[in-house]
Every structure is written in C-alpha cells, then in structure tokens.
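S.K.: Read off the chains here:
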Amino acid sequence: MNFFFRVLTAIYALISAFLSALVMISPFSDKGLMKNFLDWADITLYRSDKYNIVVFLAGLLLLLLNLFILFSGLRFRRVNKYICFKNDGGQVRVSSNSVENIALGLARKSHSVREAKSKVRFRNNAVEILMKLSVYPDTHVPNLSKLLQNQIKDSVESMTELTVSHVDINIEGVHAAPGEKE
Amino acid sequence: MAENESYLTENDEMIVTDEALAVIAGMAAMEVNGVAGMSSGFTGGLAEVLGKTNLSKGVKVVSREGVTTVDIYVIIRYGFRIPEVAFDIQEHVKSNIENQAGVLVDSVNIHVQGVDFSEAKEEGN
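Quick note, the sequences are listed as chains C and B, same order. Using the numbering used here, read the first sequence as starting at 850 and increasing by one per residue. Using the numbering used here, read the second sequence as starting at 1136 and increasing by one per residue.
Think of the hints as simulated: they come from the structure by calculation, not from any bench. Everything numeric in this text was worked out from a predicted model, so none of it was measured. C-beta atoms are modelled at their ideal positions from N, C-alpha and C, and glycine is treated no differently. Heads up, some of the hints might be wrong.
[Said to hold, decoys possible] Some but not every residue of chain B turned toward chain C, in silico, with C-beta under 8 angstroms: (1) 1147; (2) 1150; (3) 1151; (4) 1216; (5) 1218; (6) 1225; (7) 1229; (8) 1235; (9) 1239; (10) 1249; (11) 1252.
With the sequences and hints as input, model every part of the structure.
M.R.: Shown next, in the form of structure tokens:
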C-alpha cells in the first residue's frame, strides 16, 4: 500500500465517520439535526454560483474512493519477482517465492525456531536472503544463525544453481512460552 | 502425424487447439520426477473453486503464426535440482506434444512458482 492510497483511505474513513455520526445523532435531536444540516448545505451551496461543480466534484471524489477501495481488495496477489536463465528448450524462471519456500522449510525444521519469515531479493544474478526468526528460549543464537545460514546457502545453491550472496538473519523475538516442541 | 496423413487430403487442414495441447503438456509435466504439482494463477484457482476440473492447470499454450510456445507453472519438490527438473519437463513436454499432436513446439518456458517441502519432511523424520 503506498502513501497516496493510505491518505485516500483516511479521507474516506473520515467522511463516512462524519456521515454515520450525523445519522446516529439525528433521531435523538429535537430539531432534526440531519434536516438542519441538509438545509444548511443546500442553502450555502445553492447560493454560491459554483453549486453544480462543487456537488459534482464531491460525488466524483466519493466514487473514486469507493472504486479505489473496491479494487484494492482484488490486488492482493503479491508480485512475484523472478530470476531467469535460458537453456536449449526455452526459458526457466525461478520465482523469489520458491527460494523463500526453501529457506522457510529449513528454518521450520529446526527445533529452536518458533516462527520464520523470509524475504528474497535477486540482485546482480545473485540471491539475497533475509530471514526473520523468532526463537524459543535457551537458543544459542550465534550457533543457530550459523547453522541456518550454511544450510540455506547450500540448499538454495544446490537446488537452483544460483549464487547466494548472503543470508541475513534477524532475530525478531524470543518467545517466553515454554517450548512444547521438545 | 503419419496416421493423420492417410485420411487428410492435400487441401485439408488439421488443427489442434491450444487447449488440447495444454492438456497434453500438463499431463506430461506431472509425470516428471521432482514435480510436486502445477500452480494455477488466480483465474485458474477461481475455475477450480467453481468446479471445473482442470487438466491444463498451470499451462499456457500460445500458437501464433505457426510458432507454438508453452508456459508451464510448476511447484518443485524440495531436494531436486531445479535446472535439471526444468530441462526434463521441457524435453518431456516437447516430445509428448510432438508425438501426440504432431505439433512442433518452439520453446517450453518453465516458471518455478514454489518449492514443496511436505515429502522431504517425511524422509527426514
């Protein structure tokens, strides 16, 4: 989600919050707040000579915001990045997702890893892997990192025949919950 | 091809649709050792939900001006070497399409969408 879209969503949320608050209050107010508001809006807008264009623009803005939110739901598929190589039969494209799968599978095999996330980037025909781990207590983090780094590098290189330039490991947390895995 | 020629006259034309080629390619790709499955994109997944059995899942065939290109989206088993598996798929798909449909395939592009761990885990334990 980019910044522009976030701003749009915020505007939309504000407008709908304002309108819903108005609707909620209106039955309890004696003078009919809703009616007053509508009268006020009608008079102020109607008196100005730009009535048409203001109302049209407001409607257009709401429509655009609606469309944005509608389509943002359909854009859920993450764009896969690929690395390509050619052989006699055609092209072979390996998605970053598959490299992530290898790294995740290896991390989850380890008994001291509770959760793992991985991010893969292809740069200059080499693979950069970032692992985000949360581990169980009593884990010797340097040993675990070294082991995982070697395993991931070896596995990825042997399976894909790509070069792994580095494997970074971020320990995001140590979980204090008793390790039930043992 | 040879059999077809016996009942096709010179003016006749045999057309094998891209869909038919896709089914052949999909079945051929699944036979290759190291292939865990085919990966369908968003629309393919939708078709499956709607109950359409899809033999050509994860396969895209494009024939244009006599040049046939096959795109295959696969998930590879953990532990197999991707370039080798990809090459096997290419060879197998090419030969199957050429034998069964008599269509020459220009290139078979392999898109590795994921790696499957499920079987490797069982071996490890």
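S.K.: Look at each hint and say if it fits the structure.
M.R.: Taking the hints in turn, this is what the structure says about them:
{"no.": "1", "hint": "1147", "in the structure": "violated, 31 angstroms"}
{"no.": "2", "hint": "1150", "in the structure": "violated, 23 angstroms"}
{"no.": "3", "hint": "1151", "in the structure": "violated, 19 angstroms"}
{"no.": "4", "hint": "1216", "in the structure": "holds, 6 angstroms"}
{"no.": "5", "hint": "1218", "in the structure": "holds, 5 angstroms"}
{"no.": "6", "hint": "1225", "in the structure": "holds, 3 angstroms"}
{"no.": "7", "hint": "1229", "in the structure": "holds, 7 angstroms"}
{"no.": "8", "hint": "1235", "in the structure": "violated, 18 angstroms"}
{"no.": "9", "hint": "1239", "in the structure": "violated, 13 angstroms"}
{"no.": "10", "hint": "1249", "in the structure": "holds, 5 angstroms"}
{"no.": "11", "hint": "1252", "in the structure": "holds, 4 angstroms"}
Checked against the numbered hints above, the structure violates hints 1, 2, 3, 8, 9; every other hint is satisfied.
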